[in-house]
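Take these sequences, add in the hints, and give me the full structure.
Chains D and B, in that order, are what the protein sequence lines are. Numbered per my numbering, the first sequence finishes at 300, counting up by one with no gaps. Numbered per my numbering, the second sequence finishes at 1300, counting up by one with no gaps.
Derived from the structure by calculation, the hints contain no laboratory data. Treat the hints with care, as some may be off.
[Said to hold, decoys possible] Simulated coverage check for chain B against chain D, where a stretch passes if three residues somewhere in it have a Cβ under 8 Å from a Cβ of chain D:
| no. | region |
| --- | --- |
| 1 | 1015 to 1029 |
| 2 | 1155 to 1165 |
[As the list claims (entries may be wrong)] Facing chain D, a subset of chain B residues (Cβ under 7 Å, in silico):
| no. | residue |
| --- | --- |
| 3 | 1082 |
| 4 | 1129 |
| 5 | 1148 |
| 6 | 1152 |
| 7 | 1179 |
| 8 | 1228 |
| 9 | 1229 |
| 10 | 1261 |
| 11 | 1262 |
| 12 | 1263 |
| 13 | 1266 |
[Unchecked claim] Computed, partial: chain B to chain D, Cβ under 7 Å:
| no. | residue |
| --- | --- |
| 14 | 1067 |
| 15 | 1145 |
| 16 | 1146 |
| 17 | 1150 |
| 18 | 1178 |
| 19 | 1226 |
| 20 | 1230 |
| 21 | 1257 |
| 22 | 1259 |
| 23 | 1260 |
Yeah, the Cβ is synthetic: ideal placement off N, Cα and C, and Gly gets one too.
2 protein chains.
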Amino acid sequence: MSATPPLYGGIEAGGTKWVCAVADAEGRIIATTVIPTTTPRTTIAGAVRFFQEHRTLTAIGVGSFGPLDLRTGSPAYGHITATPKPGWAHTDVVSPLRSALRVPVGLDTDVNAAALGEWRRGAGRGLETLAYMTVGTGIGVGAVANGRLLHGLLHPEFGHIRVPHDRTRDPFAGSCPFHGDCLEGLASGEAMRRRWGRRAEELDDPGAWELEAEYLAHAVMNLTYTLSPERIVIGGGVAKHPGLMARIRARALDLAAGYPAIPELTDPAAMDGYVVGPSLGDHSGITGAVELGVRRLALA
Amino acid sequence: MSATPPLYGGIEAGGTKWVCAVADAEGRIIATTVIPTTTPRTTIAGAVRFFQEHRTLTAIGVGSFGPLDLRTGSPAYGHITATPKPGWAHTDVVSPLRSALRVPVGLDTDVNAAALGEWRRGAGRGLETLAYMTVGTGIGVGAVANGRLLHGLLHPEFGHIRVPHDRTRDPFAGSCPFHGDCLEGLASGEAMRRRWGRRAEELDDPGAWELEAEYLAHAVMNLTYTLSPERIVIGGGVAKHPGLMARIRARALDLAAGYPAIPELTDPAAMDGYVVGPSLGDHSGITGAVELGVRRLALA
Ligand SMILES: Nc1ncnc2c1ncn2[C@@H]1O[C@H](COP(=O)(O)OP(=O)(O)O)[C@@H](O)[C@H]1O
Ligand SMILES: Nc1ncnc2c1ncn2[C@@H]1O[C@H](COP(=O)(O)OP(=O)(O)O)[C@@H](O)[C@H]1O
Ligand SMILES: [Zn+2]
Ligand SMILES: [Zn+2]
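Structure below.
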C-alpha cells in the first residue's frame, strides 16, 4: 500500500469571487470551486465546506485582496484592513480558516500569490527576481526578490505610483479615490470604463489603447528602474486586449531611450522575452495560493 | 600573544575620487586615504599601493560608480560598462585588484554599498528592507530586500524613473542625456545647477527648494509604493540643504493622501522616522564597501 501524498489547499480571495483549489505539493490541481464573495462569514464558511469534502489537507494558502496586515506579531496579522469593500474592513481571514480546518494557513496579497505562482511554475521559473503586474479592475504588483516575496513596510502598492499625465492628450482627471491620476487612476480597467464610458473589452479605438500602452510602458520602466526584475509578467483582464502587449513593449523601448544599454531595453526580440504574459494563464493566482500553503507549512 | 584580527579593505570608487579604507570585521576604520579619479591604471595602482602599506588584508570590497556588470558568470563581470566618463568605459575593476592584492574582491554599486553600510551599521540596522537614495550630482538608489542587496536584471537605476513634470511650474526641460526630464534630469544637483545657473549649495530661493522637495517626495512615494521599504535613507550633497528633508516629508504625506492608512504615511512623527538622513553621515558608502569585502569572503 502506497502512502497517500500530502494535499494542500489554496484560495484566490478576490473581491467578487473566491477560487478554491486542492492540489498536490507540485501544484497539480485536483479539485476547484468558485464561491461568490458575499459576507465574510458566508464566504469563509463556503471555503471551509469545500475543503472539508476532501481528504485532510496539510496546509492552505490564501492570496487575498487587501490591504492586508502581514506583519507577523501584529495583533491584526492575517486581517484584511481598511478595504472600501462593504462588510470586509478589518476581517480576520486566517483565524477562522485555521480553527475550522486545523491546518497552518499562509497568507499574502493576491498579486504576491500570482507572482509566486508564475515564479515557481510559470514564466518566472529559475529567476532570482520577478515582477508580476496585474491590470484588471485595479492595478497591482507582486514581486519576488532574491528568491522571496517582497514585503517590507507593508507590501507593494504599485498601482498608486504617479506617472506623467499629459492633460492635453488625456484630460481625464483619474479615478483613484485617494490620488486621482495615479497609475491605477489612469490605466486600470475601472479608469478605462470611467474615461471612455464603456468597458475595456468593448473598446477598440486605437487611440485609447495607445494611451493605455503609454501608461503601462511607464509602469514597466518604473519597475525596471526601481526593482530591476529579470522579467515582468503582465496579467489581468485588461492585458488580454489583443495587441496591447506589443504596444507596451514598443513604447517601453522608446522610453528607455537606450539606457542602460542592455538587450532587454534596446533589442525588440529581447524585450519580447522581458515583458511577457502569464504562462499559467488565469491560474497564476491560485497556483501561487497553493504554494503559499506549501511554504507556510515549511515555517509552521 | 593574541591572534591578530582579520582586516578588510574597502573602496568607495567615485567619479571624482576613490576613498580607500582599512577596517576590522566590525567595520571600525583603521586607516583611510583619498585618491583622485584619473585614469583607471593610475587610480587602481594608487589604491593597490595604499592597501599594500597595511598588514595583509583578508578581502576587499568595492562600491563603484557604474553602470557595472554584476552578473556572475558574465565575461564582463566586475567591469564598469558603458559609462560616459572618459577613459573608464569597459574597465575591469575587480581583476587588477585581485591579482595585485591576492584577495577576494567584492563589488557592487556605490549606492548599494551605501545601502549596505546604513543597513549593517547605520539607520537601517535590524530592518528587513531598506532603501538608500543619494541625491548628489546624480540620483541613485540602493536597496536591501529580504536581507540582501537588490539586483536582478541589472541593478536599480532609480534616477531614471519618470515623475510628473508640470511644465508651467517648471519649464526646465531636464538634464538627463537619455531622458531629459527623468527624476535625475529634474532633481539632481546637476539639474539644479543647469536650471538655476548656480550650484545647489549657493541656492536659497525657497521656490527652488519647494520644487526640489516636490520631485524628491515623488521619489519617496514611488519607492514606498514599489519597494515598500521599512525605511528610506536620503544621503548625498543636495540632501544636506537645511530644511529639505522636512519639506520632502511634508509633501510625501500630501502625496500619500492617507493611502495606505499606516502611521508612516499619515502621522508626521512616524514619517520623521520613515524618511531619514544617513546615520553614518558621509561614511555610509565606505562602511558598506568594507562590508562587501567581508561578505565576499563568506562566498569565496
Ligand atoms: N478581453 C479583455 N480586453 C480588455 N479588457 C478586459 C478584457 N477582459 C476583461 N477586461 C477588463 O479587465 C477588468 C477585470 O479584470 P480581471 O483581472 O478579470 O478581474 P479583477 O481585476 O476584477 O480581479 C475589467 O475592467 C474588464 O473591463
Ligand atoms: N550643502 C549643500 N547643499 C546643497 N547642495 C549641495 C551641498 N553640498 C553639495 N551639494 C550639491 O551636491 C552635489 C554633489 O553631491 P555629492 O553627494 O557630494 O557628490 P557626488 O554625487 O558627485 O558623488 C553637487 O551638485 C552639489 O552642488
Ligand atoms: Zn491611487
Ligand atoms: Zn534619465
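Hints, verified against the model:
1. 1015 to 1029: Not satisfied, violated; 0 residues make the cut.
2. 1155 to 1165: This one holds; 11 residues, not fewer than the three required, reach chain D with a Cβ under 8 Å.
3. 1082: 5 Å, holds
4. 1129: Given a least distance of 4 Å, the restraint on residue 1129/B holds.
5. 1148: Since the shortest Cβ distance to chain D is 5 Å, the answer is holds.
6. 1152: Holds: closest Cβ of chain D sits about 4 Å from residue 1152/B, inside 7 Å.
7. 1179: For residue 1179/B, the interface hint holds, since the closest Cβ of chain D sits about 6 Å away, which is under 7 Å.
8. 1228: 4 Å, holds
9. 1229: 5 Å, holds
10. 1261: Interface hint status for residue 1261/B: holds (5 Å vs cutoff 7 Å).
11. 1262: With a closest approach of 6 Å, the residue 1262/B hint holds.
12. 1263: 10 Å, violated
13. 1266: 11 Å, violated
14. 1067: 5 Å, holds
15. 1145: Hint on residue 1145/B: holds, closest Cβ of chain D at ~4 Å, below 7 Å.
16. 1146: 4 Å, holds
17. 1150: 6 Å, holds
18. 1178: Residue 1178/B check passes; min Cβ-Cβ to chain D is 4 Å, inside 7 Å.
19. 1226: 5 Å, holds
20. 1230: Cβ of residue 1230/B sits 5 Å from chain D, so the hint holds.
21. 1257: 5 Å, holds
22. 1259: 4 Å, holds
23. 1260: 5 Å, holds
In the structure shown, a violation is registered for the earlier hints numbered 1, 12, 13, in ascending order.
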